[in-house]
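Colleague: Sequence:
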Amino acid sequence: MEEVQKSHEMKNKIIEMNRKISSLSDTIKAIEQQLRVEDVSFLQNYKASVKRAQHPLPDAERVSRALIEVAKHLGNLQFRVWVKMQGIVHYTPVILDPNTAGTRLILSEDLTSLRVADRALQLPDNPERIDGCVLGSEGFNSGTHSWDIENLDGHYWAVGVTTMHANRPNNCSGMPNESWGVWTTCDVYLEMSPQPNLHHLTDHFPQKMRVHLDWAKGKLSFFDLDKNTHIHTPSQRQSTLYFSMIKH
1 MEEVQKSHEM
11 KNKIIEMNRK
21 ISSLSDTIKA
31 IEQQLRVEDV
41 SFLQNYKASV
51 KRAQHPLPDA
61 ERVSRALIEV
71 AKHLGNLQFR
81 VWVKMQGIVH
91 YTPVILDPNT
101 AGTRLILSED
111 LTSLRVADRA
121 LQLPDNPERI
131 DGCVLGSEGF
141 NSGTHSWDIE
151 NLDGHYWAVG
161 VTTMHANRPN
171 NCSGMPNESW
181 GVWTTCDVYL
191 EMSPQPNLHH
201 LTDHFPQKMR
211 VHLDWAKGKL
221 SFFDLDKNTH
231 IHTPSQRQST
241 LYFSMIKH
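Each step along the sequence shown adds one to the number in full-length UniProt numbering, with nothing skipped, and position 155 is 155.
Just to be clear, a hint being listed does not mean it is correct.
[Unchecked claim] As a list, the in silico EDC-like pairs of lysine to aspartate or glutamate whose alpha-carbon atoms are at most 16 Å apart:
| id | residue 1 | residue 2 |
| --- | --- | --- |
| 1 | Lys227 | Glu150 |
| 2 | Lys208 | Asp226 |
| 3 | Lys208 | Glu150 |
| 4 | Lys227 | Asp148 |
| 5 | Lys6 | Glu32 |
| 6 | Lys208 | Asp148 |
Derived from the structure by calculation, the hints contain no laboratory data. This structure is a prediction, so every number in the text was calculated from the model and none was measured.
Could you build the full structure based on these sequences and the hints that come with them?
Modeller: Below you can see the structure in the form of structure tokens.
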């Protein structure tokens with residue numbers, strides 16, 4: 001740190017100054033002792049004593065950059081902290097809402113992923129909870145948004161976008177027809193917009209998918225990122241949409 005470095009430099013200068021003061025004090029004491037001598041030895045050493053007493057003071061040294069460079073550390077502080085934080089903090093577009101998670105789903109500590117529990121968990125039976133499903137914590141009713149879902153192992157999973165309903169069912173299979181999205185499960189995906197329609201996928205089961213919402217254009221699209229191909233784009237748009245994940 002600059003503060004430590006500057007402090008160390010000043011300590012070294014103080015040590016050097018004290019050394020010179022000590023040397024000068026020794027010279028003064030020696031001359032005083034010679035002045036007390038009563039014989040002619042002082043007169044014999046007079047010239048040498050005068051020469052020793054002559055000690056002109058040098059001009060005071062002005063130490064450059066002795067102060068901490070405050071402007072260097074405080075100038076654009078917020079910006080520089082932001083730049084450093086970019087390598088530490090990562091933005092997550094979807095934070096899962098644990099209050100909506102089914103009793104068989106275990107969410108990660110950062111609420112960005114999930115896994116299936118061996119048995120049902122003891123969770124509050126609140127009205128927001130949906131069996132076998134979890135919703136994102138934030139709704140969207142404007143703008144453009146994209147979500148990438150990774151590590152989709154096996155055939156028993158689904159991703160989609162749904163509306164928030166006060167009278168929502170207690171399981172994902174009973175999602176209301178007003179839900180807007182693609183629930184991809186096994187080898188089919190189900191479009192609910194507004195009536196359920198089954199669409200068959202190929203025999204390839206994506207390990208990574210992207211859900212893209214363009215609210216202004218009224219488009220919700222699903223992509224297979226393994227093959228970089230488009231899967232489906234429903235056409236129905238609702239008021240406020242919530243990202244959803246299902247795993248059985």
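Colleague: Now look at each hint and say whether the structure bears it out.
Modeller: Against the structure, the hints come out as follows:
1. Lys227 <-> Glu150: holds, 14 Å
2. Lys208 <-> Asp226: holds, 6 Å
3. Lys208 <-> Glu150: holds, 4 Å
4. Lys227 <-> Asp148: holds, 14 Å
5. Lys6 <-> Glu32: Violated: Lys6 and Glu32 sit about 39 Å apart, past 16 Å.
6. Lys208 <-> Asp148: holds, 7 Å
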